[in-house]
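Colleague: Here is what each chain is made of, one letter per residue.
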Amino acid sequence: MKVMSLIKPYRIAMIIAWILMLIELMVELVSPLLMAKIIDEGVLQADLHTVTVLGLVLIGISLLAFASGISNSYIAYYAGQNLGYDIRKNVYAKIQRLPFSSLNQFPTSSFITRLTNDVTQIQNVLFMSLRIALRSPLLIIFGTVMALFVHAKLALIFVVAIPLLVVFLIFIMRKGFVFFQSVQKKLDRVNSVMRENLIGIRLVKAFYNRSFEQNRFVTVNRNLKNTTMKTLRFIELTAPLLLLLMNFCIVLILWYGNREMSFGGAQAGEIVAIVNYGTRITNALSMLTFIIMAFSRAKASSDRINEVLQMEEEVDVEAQDSANATLKGAIEFKNVSFQYFEDHANAISNLSFSVQAGETVAILGATGSGKTSLFQLIPRLFEAKEGEVYIDNQDVRRFPAQVLRQQIGYVPQESFLFTGTIKENIAWGKREATMEEIEQAAQDAQIHDSIMQFPKQYDTIVGQKGVNLSGGQKQRLSIARALVRKPKILLLDDSTSALDLKTEQKLLEAIRGYDCTMLIITQKITTAQHADLILLLDEGELIAKGTHEELLSTSSLYQKIFQSQNREERKENATAANK
Amino acid sequence: MPLQRINNKKTIEQTDGKNVSFDTVKRLWMELSNKKGLLICVLLLVLINALLGIAGPFLIGKAIDQFIYEKVSSGLIPLLVGLASVYFFYSLTTFLQNYWMIGIAQETVFSMRKRLFEHFQSLPISFFDKRQHGELMSRVTNDMDNVSSTLNSSVIQVFSSVLTLLGTISVMVYLSPLLTLITLIIVPLMFYGMKWITKRTSKLFKKQQRYLGDLNGFIEETVSGQKIIKTFSQESYVMDEFLEKSTNLRKAGYWAQTYSGFIPKLMNMLNNLGFAIIAFAGGIFAIHDIVTIGVMVAFTEYARQFTRPLNDLANQFNTLLSAIAGAERVFDILDMNIEENDEADASDVNAFKGKVEFTNVSFSYEKDGNTITDANFLVSPGETVALVGPTGAGKSTIINLLSRFYEPNQGTITIDGISIQQMTRKSLRRAMGFVLQDVFLFEGTIRENIRYGRLNATDEEVIEAAKQANAHKFISRLPNGYDTMLSQDGSGISQGQKQLLSIARAILRDPSILILDEATSNIDTVTEIKIQEALQRLMKNRTTFVIAHRLNTIQHANQILVLQAGKIIEKGNHETLLTKRGFYFSLYNNGEKEVG
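The listed protein sequences correspond, in order, to chains U and E.
In terms of this note's numbering, the first sequence has 91 at position 91, counting the first letter as 1, and numbering is strictly consecutive.
Adding 1000 to a residue's 1-based position in the second sequence gives its number in this note's numbering.
Note that these hints are calculated values from the structure, not bench results.
Here the structure is a predicted model, which is why all the values come from computation and not from measurement.
Heads up, a few of these hints could be off.
To be verified - If you want a taste of the chain U side facing chain E, the calculated C-beta under 10 Å gives, among others:
1) GLU28
2) LEU29
3) LEU33
4) GLN181
Claimed, not checked - Simulated restraints on C-beta separations:
5) LYS1036(E) - ARG11(U): 26 to 32 Å
6) LYS8(U) - GLU1407(E): 26 to 32 Å
7) ALA1055(E) - GLY60(U): 34 to 40 Å
What the hints assert, rightly or not - Below, computed lysine to any residue pairings styled on SDA-like, alpha-carbon distance capped at 20 Å:
8) LYS89(U) - GLN1468(E)
9) LYS334(U) - ASP395(U)
10) LYS1355(E) - ARG1542(E)
11) LYS1540(E) - ASP1416(E)
12) LYS1114(E) - TYR74(U)
13) LYS94(U) - GLU1235(E)
14) LYS486(U) - ILE1228(E)
15) LYS1199(E) - ILE70(U)
16) LYS1199(E) - TYR74(U)
17) LYS89(U) - GLU1235(E)
18) LYS1580(E) - GLN1555(E)
19) LYS1426(E) - GLN214(U)
Every residue gets a Cβ at the ideal spot worked out from N, C-alpha and C, and that includes glycine.
Start from the sequences and build out the full structure, keeping to the hints where you can.
Modeller: What follows is the structure, given as structure tokens:
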């Protein structure tokens, strides 16, 4: 799909708009003739009747032009705004269908610029082309043709000059397109630095590195300014050069005309007429710069949008009846290897394990050992490079994404919340959730009591990305968001790190009431020890698996972790006991 | 139950009341006139350009009269050379006026963007909590872009139109005051029509820009959270909401432009009407010998010329109005109150010992009931203070007051006996180091991100800090080491590693006062122990405030402040507080170790 194909539905509207524009243009061309007639036949003959009649005709066709002009702009804006809407819709829908791996291909800020600024550019050029863009080319062609009729030999100058102009215009447009592409890129950068600053505003303020931040912004801002200036100045070169060329043509015609006259090859009136057409064409040309600018900018923008539209979509399977069934929740990894990028080291190497439905798995491992990658393979956010991931003995690749993900509750490490009330944020996991279900989920996530302490309770507004909540609150809210869906598989990615032992125990106990398989990434042995299976990962490899007791006897690393944590625990208990 | 609709509606309606303001145009003009010298040059060029524009047709006319009708050739060449040079200079001035104007316009846009950015940095934190990032970004890009495209072309257009208008009217008055008067009849009509339309469209254009900002905000938020959307397979839901916002924009944009699209058409019609009136009245006058036919014919030509500049202006109307709407949104931000400026007698303070004292400090946020009431405490240099209490008790507020993100309503806060209001914010914050809950890394190398703690640190210092934070090992293992680029959301490294970087950053800063906000929650046990050691080292000889979320991490604090509902209800160290058997005791024993 490309931007051009999105214009198709508006073909009829466009044709009507052009016809209306032609009517308007005709009136414009006819009215001077009428005017001349009023003078010649009415005023000069002292014929008031003719003056009145023709005057009324003039007013009549003016109204006609007015009506078609207004209808034209009405249609132009209708098409323009709808096209903009369609493009935005398609690009946004495309982003929704992109696989995880492609989402990082462009920075968020670039997606944003493309969806707003670039769309606006295209939209603008469409209504411009419906309203005015055709006027100047038409005027130029008409003018030339008329001039040829009047005196072919003299008008030959135009025939030579105009193709030259066209070549020149194409050249400018091509160049301008490249320039504008870099303008939009620079705009991306401005957007990006701006966005970073807004996201990190607390830190920016706390560190008070104002001049540093300002320098960063000034750099991208200056780049944008310089590129824009260069581009516009280049494009603005067009008009003066075109004018110069055309005006020289007129000078030439005068000179040549004078020569022709002395040989009797031309009438005075013919030369006057041709000069007249010449000046009209020149006037029409000055409008062209503006149009060219808009077109090359729109071309740059539509290329950027096409870039997104042509990205590869997430491969999804058709919904089959068998796949639509509710999951039970058994998971199996068979020799799974995975890497994020071709040339990167494996994030997961040759991993195998299996879990029965309803069991609990704890995953331990140091930072960067592949725990999160493992999680992301289950809802098929990424796909294994080698080996297979099975759910209920079916390859995950055979599940439609929606069917699969709807039954999985995922709580990521970083709790991403959206602007809106607490209630809305929990209901985000399940649109049709009732208030009871929401409260139940909140209670199970051990956040209900905290919510009730807020003045507005469930209607408390969560700021963007949850700025007004503490880390622990955010974590528990995003757990509630997963629980409200009553998932068959629950994935907790270190989501209890900010909870104390007792709350965590309560939480895990509440989750036990859910009919689901739970995988939990954790740093705490106390959390892990009750799991049916513990996986110990190191640099993408599974170095130990088994129950707490098994690992205590077989894995030295596990023992080490156990001892270090146990020691701390005992110290804590000892200090408490001292009191 | 769409998210965020409630607050957005509010902001949109709030500002709808205002009318298009002449003030905005005036302010834009003021912005431009910062480049007075060049601007005058451009205006002069416009004048010359207009004169040359008139000279051209005049010379053509002369050439036709003298050399075409008269069929003589001598003297033609000099005239044509003259004409050619007029055209040459015409093109030259056209180019130069555009060239300089683009410069002026882009410089202006540059400086407005810059000021907007700087202003963002000076606005109080509360400003950002209420607004969507994307909406603010829209002002910097989309709104400024509208201003930019208008300044590029419209200024020259307006000037040359006004010049042509004045010139034409004077010639018309000279030819026949009576006919001029009749021609000018349509002028009030034009202005009335323009006013009628502008009144409607300016609101719509503002709405359009606002909806665009709104949409931008939505896009920013959802694309940032795209992974969550996918994981929860909520694509169709966000799509629906996107379409709703997009429809709003389409509607506003559609009506704004359709209305303003009337203007050129209206002008055209009035133009033709004026034409007819002149023909009609002129005809009658000519018949009655009030004017000569020649004057009348000339007049119709001038009437045409007279309306052309108006027409040009009308054609620019769309861009002009949306630029004004854009500029207004930018000025709205620039007009917002910043964090108060440093007091006149504020001075830079270097080298704190780190004695912090709160005396009778009370504070309330504007609306929230989130208050601090009569806080009193004293922290000796090098001590570690833990702030404990349920969410909303005021722990973060204490830190916000100490770092002067907010000013207390009552009471004084001193460091080393000096009121913090007598220090510049810069020197105050320079002395403080933060490890915040949300690790923020910007797009750049790891080295740059650590160096953010102290911009003039050498590479060796950066590495040393990384070593102390136990980040050096993982950094060295990365293919590009310290030069590894972090993408904007810091992806590519794990959450724990981000935390290590943020600690390294604080270590590098070498602050007198350290603020730790849940610094160690996401690091695996092995690293956590090492980090604790590093932090212990770092905290030594430094006044440290720990916003405690887990009670077991703060037992070694010299002082624990227990807050509840904005009041410090208990004070003391772990042991004394436990023996008190008060709130802390119950918190500790009820296992409420996670607080806030």
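Colleague: I'd like to know which numbered hints this structure contradicts. Please list them from smallest to largest.
Modeller: Those not satisfied are hints 2, 3, 4, 5, 6, 8, 12.
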